[in-house]
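Chains as they are written, first to last, in the UniProt record's numbering: chain A, 1 to 223; chain P, 1 to 223.
Certain hints may be false.
What the hints assert, rightly or not - These stretches of chain P come out as covered by chain A in the derived footprint (C-beta under 8 Å, 3 or more residues):
id : region
1  : 60-72
2  : 97-107
3  : 195-209
Please keep in mind that the hints were generated in silico from the structure rather than gathered at the bench.
Being a predicted model, the structure only gives us computed values, none of them experimental.
Every residue gets a Cβ at the ideal spot worked out from N, C-alpha and C, and that includes glycine.
2 protein chains.
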Amino acid sequence: MWRLYQFPLCPFSRKVRLLLSEKGVGYELWRENPWDASDEFWALNPAGRTPVLYDPERRLALSDSRAICEYFEETVDKAPMINGTASNRAEIRRLVALFDENFFGDVTMPLLHERMKKRLVLRQPPDSRILREAMKLAHGHLDYIDWLIDNRTWLAGATMSLADLAAAAQISVADYLGGIDWAGHEQTRGWYSVFKSRPSFRPLLSERMEVIQPPRHYAELDV
Amino acid sequence: MWRLYQFPLCPFSRKVRLLLSEKGVGYELWRENPWDASDEFWALNPAGRTPVLYDPERRLALSDSRAICEYFEETVDKAPMINGTASNRAEIRRLVALFDENFFGDVTMPLLHERMKKRLVLRQPPDSRILREAMKLAHGHLDYIDWLIDNRTWLAGATMSLADLAAAAQISVADYLGGIDWAGHEQTRGWYSVFKSRPSFRPLLSERMEVIQPPRHYAELDV
């Protein structure tokens with residue numbers, strides 16, 4: 001069985017977990033903290049980042065979350081997530097990159113640093129100026145998602161795609177860390193609450209990262 | 001004809017240009033500086049980053065360099081660059097991400113900030129401590145490429161792939177900015193000099209970015 005090296009608040013591991021679950025691929029969770037990755041982990045992935053998916057029987061290690069998603073898209077027919085014409089597929093991949101890079105860099109990464117790494121590793125208080133800036137940038141990203149949902153059923157078009165999984169993964173980590181103010185984002189909230197009720201999403205919402213507690217609305221389905 | 005929005009030292013635009021040229025796809029260069037992107041450009045790409053490829057006749061805009069490369073891999077049969085079994089393709093995509101994210105973040109991005117943005121926009125001297133750190137990290141990346149070339153003909157396996165284009169694109173920008181010390185990296189140097197002589201690479205090597213001059217060896221084929 002595949003081993004997924006991850007930690008509960010890794011948004012890229014969450015994206016991969018959503019994909020594996022939607023496609024019905026089984027895996028075991030192996031915990032790997034980003035601040036003290038093991039030698040074994042570095043040997044599996046010279047980039048030193050989660051997620052890594054490893055099949056011990058075949059000695060096959062996959063890393064980089066987009067490469068992992070493309071691999072399962074190519075090898076498992078169920079629940080296609082990079083689908084349609086070449087332009088549709090380019091739009092899906094554009095949005096995945098937007099959430100993986102821009103949303104992550106603007107919102108998720110600073111929240112993880114201030115509210116996870118400082119608390120669990122550095123033993124420092126969070127910098128409220130950086131938190132405010134991340135929450136402000138989150139509004140801009142949610143505005144863009146609102147606009148997408150005004151114009152499309154799902155983020156990249158008529159069907160659910162990897163773009164939805166990538167966005168939900170980033171938003172869920174940001175929401176866990178108290179970085180999402182849902183006021184004024186009815187479209188995104190509606191899309192996200194449909195997502196939260198999916199069987200693929202439920203296990204993620206029930207996990208906790210040590211002493212860090214999410215806000216009360218985090219795992220509720222109707223909020 | 002496709003318009004490629006780029007600037008001469010954008011490593012992601014260079015990767016796309018190498019791919020388009022290998023595949024025989026024509027395009028026009030449109031200059032877009034990252035520090036003062038036009039409204040027209042933001043409308044084409046909400047992520048605000050080069051490269052963007054735009055077809056005015058079809059009003060089709062493609063952005064994110066990996067999404068662009070996948071699009072042409074799917075639509076143009078010539079010179080396949082994400083080829084082989086699903087595992088081979090995962091290995092190609094893993095390496096592309098390693099160069100696009102780790103090499104870029106460790107080496108190319110700090111060099112661009114210190115030697116391009118500070119010179120052309122901020123009018124500040126470069127920080128020599130940051131330059132030394134970027135060059136030190138470049139050695140680590142070249143060590144890894146040396147190791148790949150010890151074990152494979154091309155970076156991801158037996159044939160040239162998008163991994164080679166991604167690595168050459170990053171290295172060429174870092175080399176232009178004086179960030180690559182080639183001493184001790186014979187394997188990488190051999191691989192790179194083969195690359196520099198390809199028709200797809202020659203136009204890149206002859207371009208200059210305003211007043212910034214590359215070191216003398218930059219465009220020479222036998223160095």
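A quick look at each hint next to the structure:
1. 60-72: holds (count 9)
2. 97-107: holds (count 4)
3. 195-209: n = 0 at 8 Å, threshold three: violated.
Of the hints listed earlier, the one the structure fails to meet is number 3.
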